[in-house]
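Student: Heads up: the sequence lines are chains Y and P, in that order. Take the first sequence: its letter number 42 is residue 41 in numbering that gives the first Met the number 0, and every next letter is one higher. Take the second sequence: its letter number 265 is residue 264 in numbering that gives the first Met the number 0, and every next letter is one higher.
Each hint should be verified, as a subset may be incorrect.
Once the Cα atoms are required to be at most 30 Å apart in a straight line, the calculated DSS-like pairs of lysine-lysine come out as [claimed, not checked]:
| id | chain 1 | residue 1 | chain 2 | residue 2 |
| --- | --- | --- | --- | --- |
| 1 | P | K172 | P | K228 |
| 2 | P | K36 | Y | K39 |
| 3 | Y | K123 | P | K155 |
| 4 | Y | K39 | P | K242 |
| 5 | P | K161 | P | K242 |
| 6 | P | K173 | P | K242 |
| 7 | P | K155 | P | K242 |
| 8 | P | K173 | P | K157 |
| 9 | Y | K118 | P | K155 |
| 10 | P | K228 | P | K155 |
| 11 | P | K157 | P | K36 |
Simulated DEER-style distance windows between Cβ atoms [claimed, not checked]:
| id | chain 1 | residue 1 | chain 2 | residue 2 | range |
| --- | --- | --- | --- | --- | --- |
| 12 | Y | A72 | P | M62 | 37 to 45 Å |
| 13 | Y | G70 | P | A176 | 30 to 38 Å |
| 14 | Y | V78 | P | E159 | 20 to 28 Å |
| 15 | Y | F84 | P | N190 | 45 to 53 Å |
| 16 | P | S273 | Y | A72 | 55 to 63 Å |
| 17 | P | G178 | Y | G70 | 33 to 41 Å |
| 18 | Y | V78 | P | P116 | 36 to 44 Å |
| 19 | P | D94 | Y | S122 | 39 to 47 Å |
| 20 | Y | V85 | P | G277 | 52 to 60 Å |
| 21 | Y | N82 | P | D96 | 46 to 54 Å |
| 22 | P | P116 | Y | S122 | 51 to 59 Å |
Think of the hints as simulated: they come from the structure by calculation, not from any bench. Glycine is no exception: its CB is placed at the ideal position from the N, C-alpha and C atoms.
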Amino acid sequence: MIVKSLDPRIERAALDDESKIGELNVHEHFETYEVFQQVKRGTHHQHVGNVHAPNAEMAMLFAKEQYCRRGAAVNLWVVATSNVFVTEYVDADIFETTEDKLYRDPNSYKVMDRINAYKARASKV
Amino acid sequence: MRTKPGPARCKEIRIISQPQQTVKIMEFTEKHVEGLKELLYKMADDLLIIGHRNSEWTGLGPMLEEDIAFSSMAQDKVGQSLALFELLHELGESDPDTVAFTRNDNQFHCSQLVELPIGEYDFSMVRHFFFDHAEAIRFEMLADSVFEPLSMVARKFKGEIKYHTMHADIFMKKLAAGGEESFTRMQNAINETFGLALGMFEPGNFEAELIEAGIFGGEAELQQRWLDKVVPLLESFGYLVPKVESTEPALGGRHGVHTSHLQPLLDEMTEVFSIDPGADW
Numbered sequence: 000m001i002v003k004s005l006d007p008r009i010e011r012a013a014l015d016d017e018s019k020i021g022e023l024n025v026h027e028h029f030e031t032y033e034v035f036q037q038v039k040r041g042t043h044h045q046h047v048g049n050v051h052a053p054n055a056e057m058a059m060l061f062a063k064e065q066y067c068r069r070g071a072a073v074n075l076w077v078v079a080t081s082n083v084f085v086t087e088y089v090d091a092d093i094f095e096t097t098e099d100k101l102y103r104d105p106n107s108y109k110v111m112d113r114i115n116a117y118k119a120r121a122s123k124v
Numbered sequence: 000m001r002t003k004p005g006p007a008r009c010k011e012i013r014i015i016s017q018p019q020q021t022v023k024i025m026e027f028t029e030k031h032v033e034g035l036k037e038l039l040y041k042m043a044d045d046l047l048i049i050g051h052r053n054s055e056w057t058g059l060g061p062m063l064e065e066d067i068a069f070s071s072m073a074q075d076k077v078g079q080s081l082a083l084f085e086l087l088h089e090l091g092e093s094d095p096d097t098v099a100f101t102r103n104d105n106q107f108h109c110s111q112l113v114e115l116p117i118g119e120y121d122f123s124m125v126r127h128f129f130f131d132h133a134e135a136i137r138f139e140m141l142a143d144s145v146f147e148p149l150s151m152v153a154r155k156f157k158g159e160i161k162y163h164t165m166h167a168d169i170f171m172k173k174l175a176a177g178g179e180e181s182f183t184r185m186q187n188a189i190n191e192t193f194g195l196a197l198g199m200f201e202p203g204n205f206e207a208e209l210i211e212a213g214i215f216g217g218e219a220e221l222q223q224r225w226l227d228k229v230v231p232l233l234e235s236f237g238y239l240v241p242k243v244e245s246t247e248p249a250l251g252g253r254h255g256v257h258t259s260h261l262q263p264l265l266d267e268m269t270e271v272f273s274i275d276p277g278a279d280w
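Okay, chain P solo, but in the shape it has when bound (with noise of 0.2 Å):
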């Protein structure tokens, strides 16, 4: 990973305010900073490990085609990772490679979601629609965030992740209609997964801060507009999907409490760094 030390830039912070549009200039307390953080970090690290686990699929897809494509997008994850890693540095922690490749399970935020193994492709594949939309509409709220470093990072992966999102739709339409078996197949990886989803939306700890500053409009809010987007769809597609108020979240992966998959994922993510951190590759 290439890295890019620079200046923090959370001291001045322009807001525009849209009646008046008058420009003022407003200080981040230390709440919003850390708010920040863990923002990015839970960002970052979903990306992260969604890229690694997805990225075990390639040599293994289930057609030439698809095998690339599914690899692609599991690498432009780890990049958008590293531009997040990145902001973070700027932020006053460690370089990407360190945050990267030094950490414990117990130390990472990313959802319990991202880290489970990719099973078989229909699981992978209801995960990747899941993450994607919420992904996509993360980052569309953050477009517009106060912080300008990490609003031209959303801005900057729009495309990208529209791609991402229309490669989801298209399979989970065709596999809704590719007969009974695949059907079934389907609809039983997202009543299983649709948890777990869920707990991707955790809220953290700063999310009444977070909101007031405009650096983010926080979990719940996403998560709405998740279920307002995924859930339509998915039935449009023919598919039933489970009810929020009787589903348990998968929550705790926020908060840095893990399944026993994380630490092997990350054994093996580290193996090479940890031989020689010093080296060039």
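Same shape as in the complex, but just chain Y (with noise of 0.2 Å):
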């Protein structure tokens, strides 16, 4: 039996309440493209999220769409998620006494404020 709805799109679908949700096999899915964006030049690019794409320039395409839409953009990077090398969280434990180390935060320098002001500085330009 056909389901009905108001909404033409499903309509369309002629989804019937006998399909099953299938499972999804290996290489029914593509892979995944880690998405960075770059807001203005000469900034860092940044990580905002993945896509899925069956090449990098269809990952860049999906990427520009998914992330840049609403907000300022001059650059994409994307990579595929496979050729991130990624550390294990059994070894978080090499992060573990850097918080310790003070003497490495640039905030107990003597110098921080002409550091604050060098920053307020570029960040006008």
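With the hints as a guide, bring the two chains together.
Tutor: Here you go:
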């Protein structure tokens, strides 16, 4: 039996209540690409999410509309997720003592005022 | 839709003649204005109808990412049509909502290509490819129009349309290389859509006037530039392109002659407006 709906798109899809939600097998999915967006020239690219795509070119196509249709952007990077080398969470202890090393934190520098002043000037340019 | 009434701007047109860089003022005759309105109507109608048609894929796209991209481009088309309906309003036509939602099919100047149902994705994609390349070249030609409000609109949407043709090209290329079923379906869709696409270039009633005044370079030039673009592109993807000489163009749309598919689309599109034309939404 055809499911009755007021939404014409549902009617066009001709869904019936017998149809089962199938299981996805290997290769029925496209691989994912990580998307990095640059908001302004000269600034860092920032990771904004990912897209499914059959190749990098189409990943770029999709990334543009998924992530750049509402805000400013000047450049995009897309990288196959499989090409990203990641650390394991079991190795997260390699980062553990970092926060103790205050001497590495620029906040403790005496020149902090000058650094902040420079940053403020730089951001105005 | 937003409306922005304003005075007609067609009386004084600045023409910069290239060799001497001198500026002179030219008066548009009535025929120029009629020709300009005809041009704006067919462009706006094409964009409104293809935008509406393509939005019918929303929720049904082949994959989430493409669903969003295709829907987003459909919205762009409706937005572009609004900019043109606003120009028409400035030339003395009714406001965009009235013009968009109160005409019947025989008052529409869209090509028959854009009004046909979405069919399957092969047809929708080929239509998108043919239509968007024509639109891109039309806007490129209009960027130099002596009618400044139109050249400004044409320039404004340059980047937006560039993405649309980029999207179409990448899909056409990928689907040509997507195996036998994919290639065959796309090739069949090209064969079936080519004559419909040629209908986009049906001459208007004021071609000579538009060309003479420097408003628009004309449909014949547009068709030639379009063929020079899309034929080599499709061939580079591996498709065969039908010959223009042996293809019957689907004419009539520019003069209000439409297929039986347009009126039902208009009925659906104008349903809310018809219930309460004064409603805020």
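Student: Are the hints correct? Go through all of them and say.
Tutor: For each hint, the structure was consulted:
1. P:K172 to P:K228: The given pair, whose Cα atoms are some 15 Å apart, holds under the 30 Å limit.
2. P:K36 to Y:K39: 40 Å, violated
3. Y:K123 to P:K155: 28 Å, holds
4. Y:K39 to P:K242: 46 Å, violated
5. P:K161 to P:K242: 26 Å, holds
6. P:K173 to P:K242: 24 Å, holds
7. P:K155 to P:K242: 34 Å, violated
8. P:K173 to P:K157: Holds, because 24 Å separates the two Cα atoms, which is no more than 30 Å.
9. Y:K118 to P:K155: Not satisfied, since the Cα-Cα distance of roughly 35 Å exceeds 30 Å.
10. P:K228 to P:K155: Given pair K228 (chain P), K155 (chain P) holds - Cα atoms ~22 Å apart, limit 30 Å.
11. P:K157 to P:K36: 21 Å, holds
12. Y:A72 to P:M62: 37 to 45 Å: 22 Å, violated
13. Y:G70 to P:A176: 30 to 38 Å: Holds: the Cβ-Cβ distance is about 33 Å, inside 30 to 38 Å.
14. Y:V78 to P:E159: 20 to 28 Å: 26 Å, holds
15. Y:F84 to P:N190: 45 to 53 Å: 47 Å, holds
16. P:S273 to Y:A72: 55 to 63 Å: 40 Å, violated
17. P:G178 to Y:G70: 33 to 41 Å: 37 Å, holds
18. Y:V78 to P:P116: 36 to 44 Å: 39 Å, holds
19. P:D94 to Y:S122: 39 to 47 Å: Distance hint for D94 (chain P), S122 (chain Y) holds at roughly 44 Å.
20. Y:V85 to P:G277: 52 to 60 Å: 58 Å, holds
21. Y:N82 to P:D96: 46 to 54 Å: Cβ of N82 (chain Y) to Cβ of D96 (chain P): about 50 Å, so the range 46 to 54 Å holds.
22. P:P116 to Y:S122: 51 to 59 Å: Given range 51 to 59 Å: holds, Cβ gap about 53 Å.
Hints 2, 4, 7, 9, 12 and 16, counting from the list given before, are not met by this structure.
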